[in-house]
Amino acid sequence: MADDDVDRAHPAARGRLWPAAPPGDNPDMPTYAYRCRECTDTFEVMRPMSESNAPASCPDGHADTVKLLTTIALTGSGGAAPAPAPAAGGCCGGGCCA
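Residues in the sequence shown are numbered from 545 upward in steps of one, following the numbering used here.
Keep in mind the hints are simulated off the structure, nothing from the lab. All figures in this text were calculated on a predicted structure; none of them were measured in a lab. We put the CB at the ideal spot given by N, CA and C, even for glycine. You may find that some hints are simply not true.
What the hints assert, rightly or not - Taking CB as the label site, the calculated pair distances span:
no.	residue 1	residue 2	range
1	E582	A617	27 to 35 Å
2	T584	I616	23 to 31 Å
3	T614	C583	18 to 26 Å
4	P603	P571	17 to 25 Å
5	E582	L613	18 to 26 Å
6	S596	T619	24 to 32 Å
7	C583	L618	29 to 37 Å
8	G620	R581	31 to 39 Å
9	C583	T619	31 to 39 Å
10	P571	D604	19 to 27 Å
11	M573	T615	17 to 25 Å
12	D604	M573	20 to 28 Å
Could you put together the complete structure from these sequences and hints?
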């Protein structure tokens, strides 16, 4: 596979790169990460959310795969200021908590 054919690599793939999505694929389609239980490779599949629970075979043809839990972190300044802390203290707005 040529370097210019490579689009992305899943961080857990241990350096294994996957080819770019075929022309016409929706770039806004969710990507799901899987790990093969036979060869332990990690790979990604782009598919609609309606097919998120469908089984996926690994690129080497093994059928025993497990979907990985993926997370995202949102950071930075989105323009909105954080909510100010309440002027009175405590969980009840003051009075019983000091």
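Evaluated hints:
1. E582 x A617: 27 to 35 Å: This hint holds: roughly 31 Å between Cβ atoms.
2. T584 x I616: 23 to 31 Å: Distance hint for T584, I616 holds at roughly 24 Å.
3. T614 x C583: 18 to 26 Å: Because 20 Å falls inside the window, the suggested range holds.
4. P603 x P571: 17 to 25 Å: 20 Å, holds
5. E582 x L613: 18 to 26 Å: Taking Cβ atoms as reference, E582 and L613 lie about 20 Å apart, which means the hint holds.
6. S596 x T619: 24 to 32 Å: The hint (24 to 32 Å, Cβ to Cβ) holds, given that S596 and T619 are roughly 26 Å apart.
7. C583 x L618: 29 to 37 Å: 33 Å, holds
8. G620 x R581: 31 to 39 Å: Since the Cβ atoms of G620 and R581 sit about 37 Å apart, the hinted range of 31 to 39 Å holds.
9. C583 x T619: 31 to 39 Å: Hint holds: Cβ distance 35 Å, inside 31 to 39 Å.
10. P571 x D604: 19 to 27 Å: About 26 Å separates the Cβ atoms of P571 and D604, which means 19 to 27 Å holds.
11. M573 x T615: 17 to 25 Å: 19 Å, holds
12. D604 x M573: 20 to 28 Å: 23 Å, holds
Consistency note: the structure conflicts with none of the earlier hints.
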